[in-house]
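*Asks:* If you read the protein sequences in the order shown, they are chains G and S. Letter by letter, the first sequence follows residues 2 to 397 in this note's numbering. Letter by letter, the second sequence follows residues 2 to 397 in this note's numbering.
Keep in mind that a hint or two might mislead.
Since the list gives no way to pick out one identical chain from another, each pair is judged satisfied if it fits inside one copy or across any two copies.
Unchecked claim - Taking lysine to any residue and the SDA-like style, the derived pairs with C-alpha atoms no more than 20 angstroms apart in a straight line are:
1) K6 with T168
2) K28 with P74
3) K215 with P251
4) K308 with D21
5) K28 with E95
6) K384 with P74
7) K9 with R136
8) K9 with G118
9) K6 with S329
I should point out that these hints are in silico values taken from the structure, not numbers from a laboratory. Computed from a prediction, not measured in an experiment: that's the story for all the values here.
Listed below are the residues making up each chain.
2 protein chains.
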Amino acid sequence: MNIGKVSKRVESVSPFYVMDIMARAKKLEEVGQEIIHMEVGEPDFSTPQPILEAAKNFLDIGNVRYTTAQGLPALRDKIAEHYLQEYSVIVQSERIFITPGASGALTVALAALLDAGDEVLTADPGYPCNSNLIRLFGADAKAVKVSDVDDFQLTAEHISQSWGGATRGVMIASPSNPTGTMVGRAQLNDIVTAVHEQKGFLISDEIYHGLVYKNRAVSALEITDDVFVLNSFSKFFGMTGWRIGWLIVPDYAVSAATRLMQNLYISAPTHSQHAALAAFNGATRDILHQRRDEFERRRDVLYNGLKALGFVITNKPQGAFYIYADCSAFTDNSYTFALELLEKGGVATTPGKDFGVSQPEKYLRFAYTTTMESIELGLQRIKLFLQSRKPVDSKR
Amino acid sequence: MNIGKVSKRVESVSPFYVMDIMARAKKLEEVGQEIIHMEVGEPDFSTPQPILEAAKNFLDIGNVRYTTAQGLPALRDKIAEHYLQEYSVIVQSERIFITPGASGALTVALAALLDAGDEVLTADPGYPCNSNLIRLFGADAKAVKVSDVDDFQLTAEHISQSWGGATRGVMIASPSNPTGTMVGRAQLNDIVTAVHEQKGFLISDEIYHGLVYKNRAVSALEITDDVFVLNSFSKFFGMTGWRIGWLIVPDYAVSAATRLMQNLYISAPTHSQHAALAAFNGATRDILHQRRDEFERRRDVLYNGLKALGFVITNKPQGAFYIYADCSAFTDNSYTFALELLEKGGVATTPGKDFGVSQPEKYLRFAYTTTMESIELGLQRIKLFLQSRKPVDSKR
Numbered sequence: 002m003n004i005g006k007v008s009k010r011v012e013s014v015s016p017f018y019v020m021d022i023m024a025r026a027k028k029l030e031e032v033g034q035e036i037i038h039m040e041v042g043e044p045d046f047s048t049p050q051p052i053l054e055a056a057k058n059f060l061d062i063g064n065v066r067y068t069t070a071q072g073l074p075a076l077r078d079k080i081a082e083h084y085l086q087e088y089s090v091i092v093q094s095e096r097i098f099i100t101p102g103a104s105g106a107l108t109v110a111l112a113a114l115l116d117a118g119d120e121v122l123t124a125d126p127g128y129p130c131n132s133n134l135i136r137l138f139g140a141d142a143k144a145v146k147v148s149d150v151d152d153f154q155l156t157a158e159h160i161s162q163s164w165g166g167a168t169r170g171v172m173i174a175s176p177s178n179p180t181g182t183m184v185g186r187a188q189l190n191d192i193v194t195a196v197h198e199q200k201g202f203l204i205s206d207e208i209y210h211g212l213v214y215k216n217r218a219v220s221a222l223e224i225t226d227d228v229f230v231l232n233s234f235s236k237f238f239g240m241t242g243w244r245i246g247w248l249i250v251p252d253y254a255v256s257a258a259t260r261l262m263q264n265l266y267i268s269a270p271t272h273s274q275h276a277a278l279a280a281f282n283g284a285t286r287d288i289l290h291q292r293r294d295e296f297e298r299r300r301d302v303l304y305n306g307l308k309a310l311g312f313v314i315t316n317k318p319q320g321a322f323y324i325y326a327d328c329s330a331f332t333d334n335s336y337t338f339a340l341e342l343l344e345k346g347g348v349a350t351t352p353g354k355d356f357g358v359s360q361p362e363k364y365l366r367f368a369y370t371t372t373m374e375s376i377e378l379g380l381q382r383i384k385l386f387l388q389s390r391k392p393v394d395s396k397r
Numbered sequence: 002m003n004i005g006k007v008s009k010r011v012e013s014v015s016p017f018y019v020m021d022i023m024a025r026a027k028k029l030e031e032v033g034q035e036i037i038h039m040e041v042g043e044p045d046f047s048t049p050q051p052i053l054e055a056a057k058n059f060l061d062i063g064n065v066r067y068t069t070a071q072g073l074p075a076l077r078d079k080i081a082e083h084y085l086q087e088y089s090v091i092v093q094s095e096r097i098f099i100t101p102g103a104s105g106a107l108t109v110a111l112a113a114l115l116d117a118g119d120e121v122l123t124a125d126p127g128y129p130c131n132s133n134l135i136r137l138f139g140a141d142a143k144a145v146k147v148s149d150v151d152d153f154q155l156t157a158e159h160i161s162q163s164w165g166g167a168t169r170g171v172m173i174a175s176p177s178n179p180t181g182t183m184v185g186r187a188q189l190n191d192i193v194t195a196v197h198e199q200k201g202f203l204i205s206d207e208i209y210h211g212l213v214y215k216n217r218a219v220s221a222l223e224i225t226d227d228v229f230v231l232n233s234f235s236k237f238f239g240m241t242g243w244r245i246g247w248l249i250v251p252d253y254a255v256s257a258a259t260r261l262m263q264n265l266y267i268s269a270p271t272h273s274q275h276a277a278l279a280a281f282n283g284a285t286r287d288i289l290h291q292r293r294d295e296f297e298r299r300r301d302v303l304y305n306g307l308k309a310l311g312f313v314i315t316n317k318p319q320g321a322f323y324i325y326a327d328c329s330a331f332t333d334n335s336y337t338f339a340l341e342l343l344e345k346g347g348v349a350t351t352p353g354k355d356f357g358v359s360q361p362e363k364y365l366r367f368a369y370t371t372t373m374e375s376i377e378l379g380l381q382r383i384k385l386f387l388q389s390r391k392p393v394d395s396k397r
């Protein structure tokens, strides 16, 4: 056979440029250089002890069988309770699906909503997997340029102006990766109205909820039931490797989502589901709130430090653990700049071009998923690195 | 918004009829009736102790972070070693991906290979998720009727005769779900040649390897490197709820599969990967071989028992834990028969129409994933149930 050919579909899935950075960082570490990692989109804290204990207690019974496709009823009930307590909204647990991470939640939502040729509006910059998954289903992500004026978030105006004949819906993320900016209640309300007017669907990525440093994030479920909400135990709850998240769908999509879960996954990992039962405990919550406070302190140090060095950060991030910094004072190509900063400065970051096509060459994403000591050392290294460089010859 | 409409894509995903059976069985159990479960495609044994211990030891460290998209190098090396020891074939670990179950493996393989409008040849009867996933990607599963003459497996002749303009490849499964029948070496060799002649791809589902009762199963990797092999820790290794399997791809698809793993899953569950490191240990193997022997004894009892009752089983299953029994001596509708057998006989089975469109009304699938006592009790109940029924009025 040896046709040696993959699908056109998969050729539309772009690689992550940060992989080049990570591979190079690993090489440097292998020859003894110590690298400060600010490229990693994963909390450095380990899973909270009460969650680990719950997992071990479950494994003592040893009965790690499939759950139903929707997931453990007890866990879905706890999530429903979480929405009541945190957001004062009632979500029927029948609408909640336990998924293999938010990746699984997004895959199910997209498969339930998209046919080939459909189009989804997404913010640029945004998380690259979103548009890749949209393309995997033969649909297209229409990247809408967002900017500092709108806190790097889609607005009702963007939606109305960008809606085209093939547009079926909108995807938003608050807090956003890479910018850490949020959609406020009034803006979210307008977004829902705009999508409603077009008779489209709304997908709301809320995986960084909880990791928010002033006012709490608003869930789209506070505005409407007619929304697909993605969430995850990975980021706030510190359970990345457990591959567990959740999806909330409108009533009309419950049957479709059930069939998709059955066929795509059978179920989310059972031991992860039992572990997550402890994620909403008081003891866990205390640990998570301490970590959130530590993330806030790190943000402040990194934000102030980068600004002092000449990076431009127009919108102070309100959540998640990223800073999207304009480095155009130093370079007209953030990708080669990131490689140089790694090579000569020993600091790994993610280049803007992993997040879209809207002036990515101006930006670097810094993640504060490392210790305060590392962040301070990183800032010193960046300072020395910038001093060692000649001023950029030309600016575009 | 409230468009209230799911995609055409998801409407092509058929429901599992066994869900009706399971829901009804649950209702009966809730009112105190005891049901013999022969519908379950999941081993009744719990995960072997050495695997559970490995998981708990890993959780003691508490560092459940993402792995690389391909999976733990140590686990991929162990799988490569497994192929050398069990099949005497060399598989470079670069071609091995750790996936969220065989479901994840199949999803990655299909996304890497299929574009909209493509067609894949599959055996009818066969596992229903296969054709559902093919349709999810906008392609079509061309169900080829297989029969007792060919051990319910595709042959080179089927492939050559069924190949059409849109056909891109073939999917086989050995041992098969629902029939438990296998593809022998010569037949597999002919299949590879036939697919080769058409310049198509071959996907070989080998998830029941290990659960084989006489000669060992032949892997497609023994014949060619140019094949996508699906395997799983679920069935033979007793790790269903852990959601972990593997995919082996030809060299030309390594980059595509890596990008798909990144975007669809980030990685397979990390704690499951660490647990699976113990799956190839000598102690685990001894446990698994005892269980395999027990499955073989159960098969013999169920096979002989069903035949004695008048079910027709043309091809004695050689692997997996299913018997696909022709019940047309008793009914012309195996679905209503299954419901009646549950209701009046207290035995749950899976109706043929979950496995295709080729005379499914003649068949029931019996799974011997329950204790010998239950199997014997189940056979007594079926006997009483059959005696209580009037002979069927008309036969088609």
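*Asks:* Give me the numbers of the hints this structure contradicts, sorted from smallest to largest.
*Replies:* The structure conflicts with hints 3, 4, 6, 9, although it agrees with all the remaining ones.
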